[in-house]
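Trainee: Following the hints, put chain Y in place on chain U, whose structure we already have.
Taken in order, these protein sequences are the chains called U and Y.
Residue 1 is where the first sequence starts when you use the working numbering, and the numbers rise one by one after that.
Residue 1001 is where the second sequence starts when you use the working numbering, and the numbers rise one by one after that.
Hints are computed from structural coordinates only; laboratory data are not their basis.
Don't take each hint at face value.
Here are the computed distance ranges between Cβ atoms for each label pair [as the list claims (entries may be wrong)]:
no.: 1; chain 1: Y; residue 1: E1036; chain 2: U; residue 2: L40; range: 49 to 57 Å
no.: 2; chain 1: Y; residue 1: Q1039; chain 2: U; residue 2: A8; range: 43 to 51 Å
no.: 3; chain 1: Y; residue 1: T1084; chain 2: U; residue 2: P110; range: 51 to 59 Å
no.: 4; chain 1: Y; residue 1: A1044; chain 2: U; residue 2: A8; range: 43 to 51 Å
no.: 5; chain 1: U; residue 1: M79; chain 2: Y; residue 2: R1029; range: 47 to 55 Å
no.: 6; chain 1: U; residue 1: A8; chain 2: Y; residue 2: S1033; range: 42 to 50 Å
no.: 7; chain 1: Y; residue 1: A1016; chain 2: U; residue 2: P3; range: 37 to 45 Å
no.: 8; chain 1: Y; residue 1: R1068; chain 2: U; residue 2: D61; range: 53 to 61 Å
no.: 9; chain 1: U; residue 1: E96; chain 2: Y; residue 2: T1063; range: 49 to 57 Å
no.: 10; chain 1: Y; residue 1: T1063; chain 2: U; residue 2: M1; range: 34 to 42 Å
no.: 11; chain 1: Y; residue 1: M1107; chain 2: U; residue 2: E96; range: 20 to 28 Å
From the derived model, a few chain Y residues whose C-beta atoms are all more than 10 Å from chain U [claimed, not checked]:
no.: 12; residue: P1046
no.: 13; residue: M1049
no.: 14; residue: K1050
no.: 15; residue: H1051
no.: 16; residue: E1057
no.: 17; residue: S1058
no.: 18; residue: G1059
no.: 19; residue: R1064
no.: 20; residue: K1065
no.: 21; residue: Q1066
no.: 22; residue: G1067
no.: 23; residue: V1069
no.: 24; residue: R1070
no.: 25; residue: R1099
no.: 26; residue: Q1102
no.: 27; residue: T1105
We treat Cβ as the ideally placed atom computed from N, Cα and C, and that holds for glycine.
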Amino acid sequence: MNPDLDLAISRIIKAPRAVIWDAWTDPAKFAQWWIPAPTLCKVAAMDVRPGGALTTLMSDDAGDFVPHLDACFLAVDPMERIVFTNCLLGGWRPAERGFMSAVITFKDHPEGTEYGAHAMHKNPADRETHEKMGFYDGWGTVTAQLARLVEPRA
Amino acid sequence: MEHYPEQLNGLFHALADPTRRAVIGRLGRGRASISELAQPFDMALPSFMKHIRLLEESGLIRTRKQGRVRTCTIETAPFAALDTWLSEQRRLWEERTDRLEQFVTNMEKPA
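Next comes chain U alone, as it looks inside the complex (with noise of 0.2 Å):
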């Protein structure tokens, strides 16, 4: 985990774990959830194995549907985890503008299920020279080093 590039979050959602599966798996059910409404998500390709396709079309008045999400995904463990990626297209081909990285898990937990998900993003400038810059801490204190960087001394 990289506080700077990545995000987790961990949710308890009280359902069993095949039906949250399902709802991640079935392109009906998923296209019900994954965008928000009232946009609407048409599900184009999704291929649940390891470089399927996952492709996602969204649409303000069901006209016109533009792309949403292109994705690959990498890892399928029924009823454990999904990994995908926009960094590569359905059959492992390399995509124009990827930058995230997400993994899905899906745990047993007493009240239902733990739903987690953990998105790395692309380090957008090489980390070496990030460092030599003086921004150890990466973009999440970036502002505040800088601030006090340049806040006019006494």
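Mentor: Coordinates of chain Y only, in the frame set by chain U:
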């Protein structure tokens, strides 16, 4: 969420070059004139000025001319935009999880 916003593309491009990162690093320690900034680099002034202009266009620095000296200062706001981007991604995942939760718990309820 599928693309970096345009503003961030400009920032990442600006930060993708070692000369420009060195300039930002130097300006982080305080304002400096173009000639002070150019001094460590073995580079013709017009080439160096291209980097300065790109940084200025990206919003990462500001320059001001007083007499014959152009002084550069760093702008902190764009760095805040980078922070904000990650918070935005977090919000997106939180809300997505809210919707999934609502969807599966509604399905569970007997009709």
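Trainee: Are Y:A1044 and U:A8 spaced within 43 to 51 Å by their CB atoms?
Mentor: Since the Cβ atoms of Y:A1044 and U:A8 sit about 48 Å apart, the hinted range of 43 to 51 Å holds.
Trainee: Is 49 to 57 Å right for how far apart the beta carbons of Y:E1036 and U:L40 are?
Mentor: 56 Å, holds
Trainee: Is it correct that the beta-carbon of Y:S1058 has no partner in chain U closer than or equal to 10 Å?
Mentor: 12 Å, holds
Trainee: Would you say Y:H1051 is clear of chain U, with no C-beta pair closer than or equal to 10 Å?
Mentor: 15 Å, holds
Trainee: Range hint 43 to 51 Å: satisfied by the CB atoms of Y:Q1039 and U:A8?
Mentor: Taking Cβ atoms as reference, Y:Q1039 and U:A8 lie about 44 Å apart, which means the hint holds.
Trainee: Does 53 to 61 Å hold as the CB distance between Y:R1068 and U:D61, or does it fail?
Mentor: 58 Å, holds
Trainee: Does the claim that Y:G1059 lies off the interface hold, with its Cβ farther than 10 Å from every Cβ of chain U?
Mentor: 13 Å, holds
Trainee: Measuring from beta carbon to beta carbon, are Y:A1016 and U:P3 in 37 to 45 Å?
Mentor: 23 Å, violated
Trainee: Regarding U:A8 and Y:S1033, is the given constraint of 42 to 50 Å on their beta-carbon distance met?
Mentor: Holds, since U:A8 and Y:S1033 (Cβ atoms, about 45 Å apart) stay within the stated range.
Trainee: Compute the least Cβ-Cβ separation between Y:M1049 and chain U, then decide whether it is above 10 Å.
Mentor: Holds: least Cβ distance 21 Å, greater than 10 Å.
Trainee: Would you check whether the claim that Y:G1067 is not at the interface survives, using Cβ distances to chain U and the 10 Å cut-off?
Mentor: About 22 Å separates Y:G1067 from the closest Cβ of chain U, which puts it past 10 Å; holds.
Trainee: Starting from the range 20 to 28 Å, see whether the pair Y:M1107 and U:E96 falls in it by beta-carbon distance.
Mentor: 36 Å, violated
Comparing the model with each earlier hint shows violations of hints 3, 7, 9, 11, 25, 26, 27; every other hint is respected.
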